[in-house]
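S.K.: What follows is each chain in one-letter form.
Number of protein chains: 2
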Amino acid sequence: MARKRLKGFLKIENIDAVLNRLLSSVKVSLNIKRVRIAEAVGRVAAEDIYAPREYPPFDRAAVDGYAVRSSDTFSASPTNPALLKCVGTIDTSVIKDYGSMAWSPPTLEEGETYLVFTGAPIPVGADAVVPLEDTVTQGRNVLILKQVPPLANISRKGEDFRRGDTILCRGTIIMPWHVAALAQAGIGYVKVYQPVRVAVINTGDELTEVGSNKPGIINSAGPLIEAYVKLIGCEAVRLGIVRDNVREIREVVEKGLKEADVVVITGGSSVGGRDVVPEALFSIEGAELVFHGVNLRPGRTAGAFIINGKPVLMLSGLPVACYVGLEAILKPLIYHLLGTRPPPKVRVRATLTRRVVNVVGYRSFYRVRVYRGSDGRLYAEPLRLTGSGIISSLIKGNALLIIPEDTEGFDEGVEVEVELIGPIS
Amino acid sequence: MARKRLKGFLKIENIDAVLNRLLSSVKVSLNIKRVRIAEAVGRVAAEDIYAPREYPPFDRAAVDGYAVRSSDTFSASPTNPALLKCVGTIDTSVIKDYGSMAWSPPTLEEGETYLVFTGAPIPVGADAVVPLEDTVTQGRNVLILKQVPPLANISRKGEDFRRGDTILCRGTIIMPWHVAALAQAGIGYVKVYQPVRVAVINTGDELTEVGSNKPGIINSAGPLIEAYVKLIGCEAVRLGIVRDNVREIREVVEKGLKEADVVVITGGSSVGGRDVVPEALFSIEGAELVFHGVNLRPGRTAGAFIINGKPVLMLSGLPVACYVGLEAILKPLIYHLLGTRPPPKVRVRATLTRRVVNVVGYRSFYRVRVYRGSDGRLYAEPLRLTGSGIISSLIKGNALLIIPEDTEGFDEGVEVEVELIGPIS
Numbered sequence: 001m002a003r004k005r006l007k008g009f010l011k012i013e014n015i016d017a018v019l020n021r022l023l024s025s026v027k028v029s030l031n032i033k034r035v036r037i038a039e040a041v042g043r044v045a046a047e048d049i050y051a052p053r054e055y056p057p058f059d060r061a062a063v064d065g066y067a068v069r070s071s072d073t074f075s076a077s078p079t080n081p082a083l084l085k086c087v088g089t090i091d092t093s094v095i096k097d098y099g100s101m102a103w104s105p106p107t108l109e110e111g112e113t114y115l116v117f118t119g120a121p122i123p124v125g126a127d128a129v130v131p132l133e134d135t136v137t138q139g140r141n142v143l144i145l146k147q148v149p150p151l152a153n154i155s156r157k158g159e160d161f162r163r164g165d166t167i168l169c170r171g172t173i174i175m176p177w178h179v180a181a182l183a184q185a186g187i188g189y190v191k192v193y194q195p196v197r198v199a200v201i202n203t204g205d206e207l208t209e210v211g212s213n214k215p216g217i218i219n220s221a222g223p224l225i226e227a228y229v230k231l232i233g234c235e236a237v238r239l240g241i242v243r244d245n246v247r248e249i250r251e252v253v254e255k256g257l258k259e260a261d262v263v264v265i266t267g268g269s270s271v272g273g274r275d276v277v278p279e280a281l282f283s284i285e286g287a288e289l290v291f292h293g294v295n296l297r298p299g300r301t302a303g304a305f306i307i308n309g310k311p312v313l314m315l316s317g318l319p320v321a322c323y324v325g326l327e328a329i330l331k332p333l334i335y336h337l338l339g340t341r342p343p344p345k346v347r348v349r350a351t352l353t354r355r356v357v358n359v360v361g362y363r364s365f366y367r368v369r370v371y372r373g374s375d376g377r378l379y380a381e382p383l384r385l386t387g388s389g390i391i392s393s394l395i396k397g398n399a400l401l402i403i404p405e406d407t408e409g410f411d412e413g414v415e416v417e418v419e420l421i422g423p424i425s
Numbered sequence: 001m002a003r004k005r006l007k008g009f010l011k012i013e014n015i016d017a018v019l020n021r022l023l024s025s026v027k028v029s030l031n032i033k034r035v036r037i038a039e040a041v042g043r044v045a046a047e048d049i050y051a052p053r054e055y056p057p058f059d060r061a062a063v064d065g066y067a068v069r070s071s072d073t074f075s076a077s078p079t080n081p082a083l084l085k086c087v088g089t090i091d092t093s094v095i096k097d098y099g100s101m102a103w104s105p106p107t108l109e110e111g112e113t114y115l116v117f118t119g120a121p122i123p124v125g126a127d128a129v130v131p132l133e134d135t136v137t138q139g140r141n142v143l144i145l146k147q148v149p150p151l152a153n154i155s156r157k158g159e160d161f162r163r164g165d166t167i168l169c170r171g172t173i174i175m176p177w178h179v180a181a182l183a184q185a186g187i188g189y190v191k192v193y194q195p196v197r198v199a200v201i202n203t204g205d206e207l208t209e210v211g212s213n214k215p216g217i218i219n220s221a222g223p224l225i226e227a228y229v230k231l232i233g234c235e236a237v238r239l240g241i242v243r244d245n246v247r248e249i250r251e252v253v254e255k256g257l258k259e260a261d262v263v264v265i266t267g268g269s270s271v272g273g274r275d276v277v278p279e280a281l282f283s284i285e286g287a288e289l290v291f292h293g294v295n296l297r298p299g300r301t302a303g304a305f306i307i308n309g310k311p312v313l314m315l316s317g318l319p320v321a322c323y324v325g326l327e328a329i330l331k332p333l334i335y336h337l338l339g340t341r342p343p344p345k346v347r348v349r350a351t352l353t354r355r356v357v358n359v360v361g362y363r364s365f366y367r368v369r370v371y372r373g374s375d376g377r378l379y380a381e382p383l384r385l386t387g388s389g390i391i392s393s394l395i396k397g398n399a400l401l402i403i404p405e406d407t408e409g410f411d412e413g414v415e416v417e418v419e420l421i422g423p424i425s
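From first to last, the protein sequence lines are chains P and S.
Just so you know, the working numbering puts 212 at position 212 of the first sequence, and the rest follows in order with no gaps.
Just so you know, the working numbering puts 311 at position 311 of the second sequence, and the rest follows in order with no gaps.
Don't take each hint at face value.
No copy labels: a pair is met if it fits in one copy or bridges any two.
Unchecked claim - Under the rule of at most 20 Å between Cα atoms (straight-line distance), these lysine to aspartate or glutamate pairs were calculated in the EDC-like manner:
1) Lys157 to Asp127
2) Lys214 to Glu251
3) Lys345 to Glu417
4) Lys85 to Asp406
5) Lys214 to Asp97
6) Lys255 to Glu285
7) Lys230 to Glu327
8) Lys146 to Glu159
9) Lys396 to Asp48
10) Lys258 to Glu235
11) Lys214 to Glu235
12) Lys396 to Glu47
13) Lys27 to Glu254
Since the hints were made in silico from the structure, they are not lab data.
Using the sequences provided together with the hints, build the complete structure.
M.R.: In structure tokens form, the structure reads like this:
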């Protein structure tokens with residue numbers, strides 16, 4: 001039984017160092033698409049957008065009511081109303097002509113008022129609007145039942161945006177308020193980056209797809225990665241299961257490099273006899289190894305190549321180790337490609353119910369279960385660190401306790417910060 | 001100028017009380033769809049799924065190597081290898097026949113070994129696997145270069161899931177690890193709730209849609225709500241702008257009730273002269289007012305009806321007040337309809353740079369800007385509380401400081417907890 005021997009041992013490097021090296025080596029330009037603003041929510045802006053004009057564009061009524069000189073309402077009350085003469089109406093139909101020859105605001109004289117509608121410009125000289133419900137009309141006259149201070153019920157010109165103010169920066173994840181601000185500025189479309197396409201390849205002679213009749217170990221890393229990349233807004237291109245064969249792996253990776261921006265390949269990257277992924281990748285023209293071996297626990301067999309600027313990530317096919325690789329390597333990579341920062345993580349402090357230990361030098365991802373004790377405090381029960389294949393540890397757990405490489409562990413009763421991955425039980 | 005007068009004043013009620021009443025009154029049954037597991041990520045499970053069998057289904061090799069009795073490797077080393085006789089090979093092709101008449105695991109005698117591949121069952125009597133890289137083959141014999149302890153490189157039967165263990169509960173937001181666990185259990189499809197459909201109606205004679213030639217105030221609440229509901233995984237059904245007319249509003253709301261699970265309608269719900277939404281809703285058969293007026297600041301004019309079990313939410317058309325209503329009322333409602341809990345919010349503690357005040361009785365949503373000071377600590381600069389229409393306060397800010405109704409405010413220098421809505425600057 002002659003088998004190919006390992007090409008070299010893993011060289012365990014620090015995650016921050018390898019990530020830095022990986023991010024600074026990639027050269028991927030994402031496509032840009034112009035989409036309707038409400039469709040753009042959750043996506044990354046591919047352009048800077050500045051306010052094209054002041055907003056509001058003029059002092060305008062914030063309610064339906066009567067535009068007044070506030071001094072004319074001095075000490076007005078239901079028993080002592082101020083009497084003003086209504087000399088006209090201004091509604092929003094004038095906006096299209098505002099500032100042109102066709103219409104400009106009239107001037108309000110002392111003792112006069114205009115009926116104005118929400119959003120309409122107020123007359124020159126008016127400095128407040130009395131809401132309709134605080135008025136009574138008597139023919140051409142209006143009784144003002146309530147005193148209003150200067151600026152009452154007026155939206156000032158430019159109080160929301162001045163011309164040139166930033167509405168949206170390239171690299172911003174577009175949120176509902178950006179959409180509202182764009183609409184308000186009259187901007188109906190925005191350029192966004194197209195989702196990063198991630199090709200997913202799973203190697204292993206023993207693997208079979210869920211639902212297939214072929215016997216073997218069901219491929220769980222494939223659906224895991226597909227789901228993960230969808231969840232962070234990417235597009236998954238599943239390229240199926242490949243046998244542990246250098247030529248076949250190379251061909252599928254080349255296909256992935258054509259069809260996607262990033263390739264993730266599982267299995268065949270540790271030092272076992274059939275671990276042929278690094279050999280297959282090295283055989284592709286222009287391939288450069290960025291790292292192979294990283295101080296993640298679980299997940300130390302992860303590695304990466306750059307091929308013509310595109311990253312090819314090698315991850316464990318064991319689901320928990322694979323997940324740690326996705327969190328620690330793929331996610332920062334994706335946000336780097338999009339030119340944005342990952343959304344902040346949900347962290348809480350909780351008291352450890354048991355001691356946890358770390359191999360110094362490794363960054364360890366303990367799965368923990370966070371729960372609220374009868375004393376109202378949060379507790380974190382460590383589930384497990386080892387068991388790269390034990391998915392149930394992520395299902396029974398709802399948080400990750402990440403122990404840094406310079407830490408030996410934490411004692412029982414210590415308060416630690418954990419990252420929530422599910423609701424607190 | 002005869003105008004309809006207000007029907008009644010707002011009755012300001014507590015948000016928790018009205019939300020409770022609203023949630024307990026709704027009767028909406030969402031459609032259920034069976035989807036491919038990786039497509040189900042981020043959606044809510046509509047069924048409980050239990051492990052149909054043990055996983056792993058038998059003790060199996062976790063690496064490619066030689067299955068041994070660990071006692072046979074006692075004190076083995078490169079200079080003093082243990083010599084074992086290889087009596088056969090077990091690969092994953094036997095799995096389909098495992099436990100049937102066609103194949104059952106052979107028995108390993110003392111001094112013997114089997115070559116086993118990752119995922120394959122190990123022979124009876126074997127209690128460890130020696131990885132290939134710690135072995136050398138010599139014809140039919142194998143030299144073991146390293147001692148292994150019992151259970152080394154073996155995945156035990158049922159160590160991940162026992163038969164009947166919970167993989168997924170109804171009402172769980174499906175995460176990538178659920179997808180992996182389902183795949184592993186041989187389950188390729190899962191039932192999920194269809195996205196909640198939210199009809200969006202914007203009322204106001206003064207409104208015009210972005211990109212339209214009609215003059216007026218551009219409708220920003222429509223795109224805001226559409227974007228918001230998409231972001232939380234719902235489907236938006238935009239029904240456009242409706243004039244301030246009871247009959248027209250009623251007709252569009254009736255359309256919304258047919259086409260959607262929830263209706264959100266903006267404008268026309270405060271006490272101004274053209275505020276005809278409550279009147280229009282009351283005119284629909286079976287309509288019941290749940291509340292009108294709530295202690296949110298901004299956003300106090302919000303209200304809700306239930307019509308044939310479906311909620312109709314009345315929100316301000318001013319974007320910030322509208323956003324507060326979406327956060328405080330629509331979001332909990334959506335997750336209630338889905339039978340799940342909203343994902344945890346990202347909260348951080350930061351020191352206030354200025355005093356903020358609250359009107360006791362109101363729950364106030366200050367927009368704040370959180371930044372890291374030169375001392376490494378987080379600070380929160382209050383931007384503004386008032387200005388229901390000032391969208392820029394959400395763009396310049398990156399967090400919300402929610403002041404509870406029993407609190408008068410916070411002094412400068414006090415540490416407060418804020419909800420992040422964007423990256424920290």
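S.K.: Any hints from earlier that this structure breaks? Give me their numbers in increasing order, please.
M.R.: The structure breaks hints 2, 4, 8 and 11; every other hint is satisfied.
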